[in-house]
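A.B. asks: Residue numbers (my numbering), protein chains in the order written: chain A, 1 to 401; chain B, 1 to 401.
Keep in mind that the hints were calculated from the coordinates and are not lab data. Incorrect hints may appear among the rest.
The list cannot tell twin chains apart, which means a pair is met if one copy fits it or any two copies do.
[What the hints assert, rightly or not] Keeping only pairs whose Cα atoms sit at most 35 Å apart, straight-line, the calculated DSBU-like set for lysine-lysine is:
#, residue 1, residue 2
1, Lys313, Lys285
2, Lys221, Lys385
3, Lys191, Lys318
4, Lys286, Lys127
5, Lys333, Lys191
Residues per chain are reported as follows:
Protein chains: 2
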Amino acid sequence: MALIVQKFGGSSVADRDRIFNVARIVADTYRAGNDVVVVVSAQGDTTDDLIGKAGEITHDPSQREMDMLLASGEQISIALLAMALGELGVKAISLTGWQAGFKTDRNYSKARIRRLQSERIENELAKNQVVVVAGFQGLNSHEDITTLGRGGSDTSAVAIAVALKADLCQIYTDVEGVYTADPRVVPGAKKLDLITFDEMLELASLGAQVLNNRSVELAKKFGVNLEVISSLNPVPGTIVKEVVDVEGMLIKGVAKDVNVAVFSILGVPDVPGMSFKVFSLLAQKKINVDIILQSVGRDGSKDLTFTVPLDDKSTTMKVLEENIARFGGNGIKVNDSVAKVSVVGAGMQSYSGVASTMFEALYEHNINIHMISTSEIKISVIIDKADADKAVNAIHDAFIN
Amino acid sequence: MALIVQKFGGSSVADRDRIFNVARIVADTYRAGNDVVVVVSAQGDTTDDLIGKAGEITHDPSQREMDMLLASGEQISIALLAMALGELGVKAISLTGWQAGFKTDRNYSKARIRRLQSERIENELAKNQVVVVAGFQGLNSHEDITTLGRGGSDTSAVAIAVALKADLCQIYTDVEGVYTADPRVVPGAKKLDLITFDEMLELASLGAQVLNNRSVELAKKFGVNLEVISSLNPVPGTIVKEVVDVEGMLIKGVAKDVNVAVFSILGVPDVPGMSFKVFSLLAQKKINVDIILQSVGRDGSKDLTFTVPLDDKSTTMKVLEENIARFGGNGIKVNDSVAKVSVVGAGMQSYSGVASTMFEALYEHNINIHMISTSEIKISVIIDKADADKAVNAIHDAFIN
C-alpha cells in the first residue's frame with residue numbers, strides 16, 4: 001500500500017462529467033489499496049468569473065478581499081468532488097486550505113507556504129477515506145485567507161506529499177506528460193518518459209506551463225517523486241526525478257515564454273553598485289529579474305537592459321520612474337513584443353555544439369536575437385514575439401527531429 | 001455614536017448595482033459616526049446555483065459537503081461588499097463565519113449557534129472600519145463548516161448584536177417593514193410602526209416570512225432592538241420591541257403559511273402514552289409538529305392528526321411508515337393541499353370577539369375550516385390551500401380595514 005497525492009487542475013473538474021472522470025481515477029487508486037489525498041483547483045472558469053465580479057465593483061480591489069473571493073472557488077470544487085466520490089461508493093471528506101493546515105506568509109495573491117500542519121489530513125486519512133484538499137490557498141498568521149498565486153495548486157500538492165512522505169505525487173493535466181516542445185506549436189513534439197528536476201525547473205520557468213516551478217523546487221528539495229500524467233488518457237506520464245540517464249537524447253525540450261517584457265534604463269553612470277541599486281529595488285517588490293544585459297560603458301555611462309515577467313510590467317515601470325533620478329539615468333525603454341525561447345537539457349554545457357546549432361537554426365530562419373542567456377542546462381534567447389513559434393519549430397527540428 | 005448591526009439578504013446583494021446600494025446605506029451609517037457590522041447572505045441565485053451543481057452529482061449529498069459547498073456563497077458576497085465599501089472610500093474587512101467566531105453544534109444544514117467568540121469582530125471594529133460578516137454559517141467542534149439553515153443570516157445578525165451589545169439590529173428587506181398582511185395578497189395591508197417580539201414570533205412562524213423566528217427568539221431573550229427596514233426605500237421601518245402600546249389596533253397581522261402538511265394516523269389504540277410515542281419520534285428527527293388534533297376515542301381506537309412543515313413531509317412519512325406497527329395504527333393519511341391562516345395580536349385573549357369575528361368572516365366566504373389552534377396571541381386555522389388568499393383578505397377586512 002502506498003500513499004499517493006493526486007492533483008487535478010481547473011479544467012479537469014470543469015463540469016459534472018469531468019468531476020466524475022476525476023472521481024473514477026481517484027476511486028481506482030483508492031480501491032487498489034492506496035491512501036489517497038486529492039488536491040483540486042477551482043472549476044474551469046470559476047476563477048475568471050470571480051475576477052469578473054470583482055472587476056465590476058472596483059479596478060483596485062484589496063488583495064486581501066481578492067483572496068477571500070477567489071478561495072471560494074476551490075471550496076466549491078472540493079465539495080463537489082467529495083460528493084462524486086461518495087456517489088461512487090468511496091468515503092471522502094473535503095478540506096479547505098486552512099482546514100488542511102496550510103500556513104502561509106502575508107503576501108496576499110502570491111503567498112508562500114510557511115508550513116503545513118498536516119495532523120488533520122493524517123487523522124482523516126486514518127479513517128480510511130479519501131481526503132480532498134483545496135489547492136491554491138492557505139491561512140496567514142492573522143487568520144486571513146491567502147492564495148498562492150498562479151500554479152499554486154501544484155505547490156499545495158507537493159507540500160502535502162512532502163509533509164506526509166508520500167510515495168508519489170501525480171500532477172494530472174490535459175496533456176500526456178512533458179513534451180520536447182508544446183505539441184500545439186510543434187506537431188512532431190515527443191513525450192518524455194523521464195526528466196530531471198533541474199530540466200523540469202528550466203522548462204517550467206521558461207514557459208512550458210506544465211508544472212509550476214515552485215512546486216518543482218519543493219519536490220527537488222525534499223526528493224518527492226513527481227509524475228506528470230493525463231487525466232483523459234490513462235497511460236503512464238512523465239516521471240520527474242533527481243537524476244536520470246542522459247544517454248540518448250541530450251536536449252530535453254524547447255520552451256517558449258511570451259510572459260516577458262524587456263526594460264532598458266538608458267545612460268546610467270558607469271560606476272560600481274549601479275546594478276545593485278536597481279535590482280535590489282525590484283527584488284523588494286518581489287519582481288523576478290531574469291536575463292540582464294549591461295552595455296559596455298562609453299563616455300562614463302551605460303545602458304542596463306533586463307527582462308521581467310510581463311505581469312510585473314506596470315509595477316516595474318512605476319519603480320523605475322520613481323527612481324530614475326536616483327539611478328542617474330536619462331530614459332526608460334520597454335518592449336513587450338518579445339518572447340523567450342530556450343533549449344533545455346542536463347549536461348548541455350559539456351557539449352560545445354548546442355549554442356551554435358541553436359543560433360544557426362535561428363539564423364537560417366532569419367530570426368533576430370535580442371538577448372542571450374545561458375546556464376548549465378539551458379540556453380535562452382529573447383526574440384520578437386512574432387517569430388516565437390517559428391523559432392520553436394526551427395530549434396526543435398535542429399535538435400530533436 | 002452607536003453600534004449598529006445591519007443585515008442584508010441575498011436579493012439585496014444580487015448584482016453590482018444592488019451591492020453598491022447596500023454599500024451606500026452602510027457608508028452613510030458609518031459616516032454618521034456609528035460603528036457598523038454588516039451581515040450578508042449569498043448573492044441572489046448563488047445558493048440555488050450551488051444546489052443545482054450538487055444535484056448534478058448526487059441526489060443524496062453528504063450534508064457536511066453540502067454545507068462546505070453552500071458556505072462559499074457568502075464568502076463571495078462578503079468579499080464583494082468589502083470591495084464596494086473600499087471603492088466608496090470606507091475602510092472595510094470581510095470575515096467568514098468561522099473567522100467571525102461563530103461556533104455551532106454539529107447539525108449540518110440546520111446548525112444552531114452555540115456561542116459567538118466575538119474578539120475578532122471587536123478587534124477589527126477597533127481599527128475604525130466596517131466589518132462585513134458572512135451570515136448563515138459557522139464552525140462546529142470538528143472545525144468543519146456548518147450552515148444555519150433557512151433564514152440563518154437573520155440569526156447571525158442578532159447573535160452579533162447580542163454579543164457586542166449593539167444599540168440596534170436592522171434587518172433590511174425588500175419590503176418597508178412588517179405589514180398587517182402580505183401586501184401582494186391584501187392590497188390594503190398596512191405597515192406597522194411597532195410590534196412586540198411575541199407578535200413578530202407568531203407572524204414569522206406563521207409564514208409571514210419577514211424575519212426568521214430563531215432570530216426573533218434570540219432578540220427577545222437578550223432584549224435586542226430590532227428594526228425591519230427597506231433596502232430600497234429609505235423610510236423608517238417596523239421596530240420590534242418587548243412591549244408596545246396596544247392602544248389602537250388590536251390585531252397586528254394576518255399571516256398565511258402554505259409550508260404545511262397535515263398527517264393523520266388512523267385507528268391507533270386509545271391508550272395513554274400514544275401521542276408521546278409518535279411525537280417523541282418526530283422530535284428526534286427535528287420535525288416541528290404544530291397543530292395536533294386527537295379524535296374522540298371510539299371502539300377503543302382514535303385518529304391522531306397533526307401538521308408538520310411541508311419540507312419535512314417525506315421524512316415524516318418515512319418515520320410513520322417504519323413505526324406504524326409499533327403505534328398499532330391501521331393507516332396513514334397525508335394532505336398537503338392546505339394552508340394555515342392566522343390572526344396575531346398581543347392581548348387578543350382578553351377580547352372575546354376575535355375568534356367569532358374570524359370564523360364568521362370565513363363562513364361568509366364559504367371557507368371550510370379543517371383544524372383550529374389558539375394561543376395567547378394568535379388564532380390559526382387550517383383550510384384548503386386554494387382558499388388561502390381569499391381567507392387572508394376576508395379576515396384582514398374583518399379586523400383591520
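A.B. asks: Each hint needs a verdict: does it hold in this structure or not?
C.D. replies: Taking the hints in turn, this is what the structure says about them:
no., hint, in the structure
1, Lys313 <-> Lys285, "within (12 Å within a copy, 60 Å between copies)"
2, Lys221 <-> Lys385, "within (34 Å within a copy, 69 Å between copies)"
3, Lys191 <-> Lys318, "neither (42 Å within a copy, 57 Å between copies)"
4, Lys286 <-> Lys127, "between (42 Å within a copy, 28 Å between copies)"
5, Lys333 <-> Lys191, "neither (40 Å within a copy, 67 Å between copies)"
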